[in-house]
Structure formats: structure tokens, C-alpha cells
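Residue strings, one per chain:
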Amino acid sequence: MAVPTPPPAPAAVAPEAAPRARAMEGEKAIARVLRAGAVLGGGCFAASLALELLPQSARTGIAIDDLRKAGASLLIVTPVARIAIAGALLGMKGELRYLLYGAAILALLGIALGAGFSA
Amino acid sequence: MTEWILLGAGLGAGFLGAMLGIGGGVILVPAMVLGLGIPLEEAVPASLMCVVASSCGAASSYVEHRIADVRLALSLELATVAGAVAGGFVAGLIAPAWIALVFGTFLVYTSANLAVPRAPAAALAGGGTYVPTNYPLGIGGSLVAGVLSALLGVGGGPIKVPLMTFGMGVPFKVAAATSNLMIGITAAASVAGYAIRGHLNLGLAAPLVVGVLCGATLGSRFMVRVPTSFLKRLFAVVLFVLAVQMLWKGGTGLWPIR
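Heads up: the protein sequence lines correspond to chains A and B, in order.
FYI, the numbering for the first sequence is 1 to 119, going by our numbering.
FYI, the numbering for the second sequence is 1001 to 1258, going by our numbering.
Calculated directly from the structure, the hints in this document are not laboratory data.
There's no promise every hint is true.
Claimed, not checked - Residues of chain A placed beyond 12 Å of chain B at every Cβ, according to the derived structure:
| # | residue |
| --- | --- |
| 1 | 29 |
| 2 | 54 |
| 3 | 57 |
| 4 | 58 |
| 5 | 97 |
To be verified - Which stretches of chain A does chain B cover? Using the computed rule of at least three CB atoms under 8 Å from a CB of chain B, they are:
| # | stretch |
| --- | --- |
| 6 | 34 to 41 |
| 7 | 62 to 76 |
| 8 | 80 to 90 |
| 9 | 104 to 114 |
Backbone N, C-alpha and C define an ideal beta-carbon position, used for all residues, glycine too.
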């Protein structure tokens, strides 16, 4: 008696290969700066939320406010640091135009803030 | 209860924003204003704070794995910031309602283009790289994106991701990741302006930021696994929602509802 053969297994779908950007040295340093800003800034905000669960007092209120201001400041400064570091790293490798781009971005942002605009 | 809702909204916005290269404001601002009755003048700066958080959280992973293009980001950011500064100067001269109508119409067109299935581009070898082309178009488009962000308060992602994908030959996931990297600095500058003027409600921002950071971390891990075609269709839906918001904003600006 013929043994029925099982149907062929469906071909495994290969996962889509993720394209990659051009390599640059210092990517890990930039990633660490971004991650540190996110973790520290987010940590300050999370700590402020945890403090809200405690019995409220003047000291707790001040601590909550200070933590939130610290968290906001860390998050705002992080992208600025990223641009400065990326421009400097590429500039040190001879790609001076990116150093100039970074400096120009930061200068324009300074002008925008000074003039009271939102970028 | 409100804080849990804000946390959840932040989680969703961060997850979606990280995958698509947008800030999440298209979700957060309507959720806060329409869902929780939060005044727009408080919702916008809180949303911008979340954009910064989302960018920092997701872009760290994208840069580390070389999915975000740091060089391209620096080039386009310069044009965007220049456009935003120029937009700030002319903001009082142009009626935002007309700009919103034109932009909304453009977004409908872009959304339709993304939604239509296309033959896949020549696949890059696993770990292969690409070379961005047509820099003048990219820089010009980024300049316009900056002006629009100053005039309409929209983020750059909905313009820059299609610009990089269709106009500069950048793979969609790289475009989304690079956009994610770029939006952080423009949002940081905007939120700094609000904070200096005392318009940033940190109590509102706190649960949103925590939710966004968690969502962005998850989203950045999912994005590399999700098929590009799905991401494009999802992006088309988000663009359409934004288009409706812009057309509504333009329409009510020109013909106010009494």
C-alpha cells in the first residue's frame, strides 16, 4: 500500500534584510550619548511620578519639580550634544563639511532661540 | 487615571513614531485636546517634549545599528533649521490657513502614493549600503519642511520620509530611522523656546515622556523586523490622518464655524 507523501513544507520566508547607512567611526559614541540622555531624562521624569505616590509635602513638591526640570533639560540638551559630537567626529576624520554643518545648525538654533522663534 | 491615560497615549505614540520616523504629535495632540480636554497651548509643547524623548530613545538604537544615516541627517537638518528660522520671520505675512490647505492636499497625494503597492526596488544584499542621490531636491524639500514646521507646527517626518524615499533613493527604513534622528533637534529647539516663555507644563509632560520612551524603545526593535511594505501602508494611514487635520485646520481658518 502506497504511503501518502506529506505535502512539501512551505518555503521559509527569509527575513527582509535591513539596509545599512554608510559607516562612520564614532557611531557607538553617538548612540551612547543619545541613550544616556534618554535614560537619564526619562529616569528623572519616572522618579518624579514615583514621588507623586508618596504623601505630599513642600519638600516632596520641590523634589518633584526639580526632577522634572532636570529631566527636561537633559532631554533638550541631548540632540544638541549629538550634533556637536557627530560634526566633531566627522570633522576629525577629514569630512570637514559635516563639522561646518553641525556648527551652522547650532548657530542657527541659537539665533532662533534668541529671536524667540520655534525651529 | 489621567496619568495612566497619558502614559498609554505616550506608549502608542512613541511606538508608532519610532517605527515611522515621525514625532507622534499627530496622535498625541488630538488625544490630549479632544480626548482629555487639555488646552492646545499646553498640549503642543508637551507633545514636542515627547518628540525629543522619542527621537533620543529610538535613534540611539538606529545609529548603533547603522540604520540611521548620520551624514544625511546633518545635511538635511541644516536646511530644515534654516527653513524654520526663515518661516519664523515670515510667519506673520502668510495666512496659515492657505498653507494648511495646500499642505493637506499634498499629504493626501503622498499618502495615496505610499498606499499603492509598487514593484519592490532592487533588493540590497544583506547588510548592503545605498548612496543618497539628488541632494538639491532633498535640501530644497527640507527647507520647505522647516518653513512648514514654523508656520503650521507640524514635524518634519511626514515630509522628509517620503522625500528621502522617493526623491533621494534612500531605503524606507533608513529614511524613517534618519528622520527619527533629525526630529529631535528641531523639537528640542521648539520646546526650549516654550520652556523659556514658561509655557511647558512638566506635570503633563512627565507621564507622556515616560510612556513615549518605553514605546520608542519597543518600536525601534520592531521596526527592523516588520516588512517595509507594511510600514509604508501604515505611514500612508498616518499621513492621511494628518492630511485630514490640516484640511480641517485650513478649512476652519478660512471659513470659521460659527
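Right, here's what the structure says about each hint:
no.	hint	in the structure
1	29	10 Å, violated
2	54	15 Å, holds
3	57	17 Å, holds
4	58	16 Å, holds
5	97	8 Å, violated
6	34 to 41	holds (count 5)
7	62 to 76	holds (count 7)
8	80 to 90	holds (count 6)
9	104 to 114	holds (count 7)
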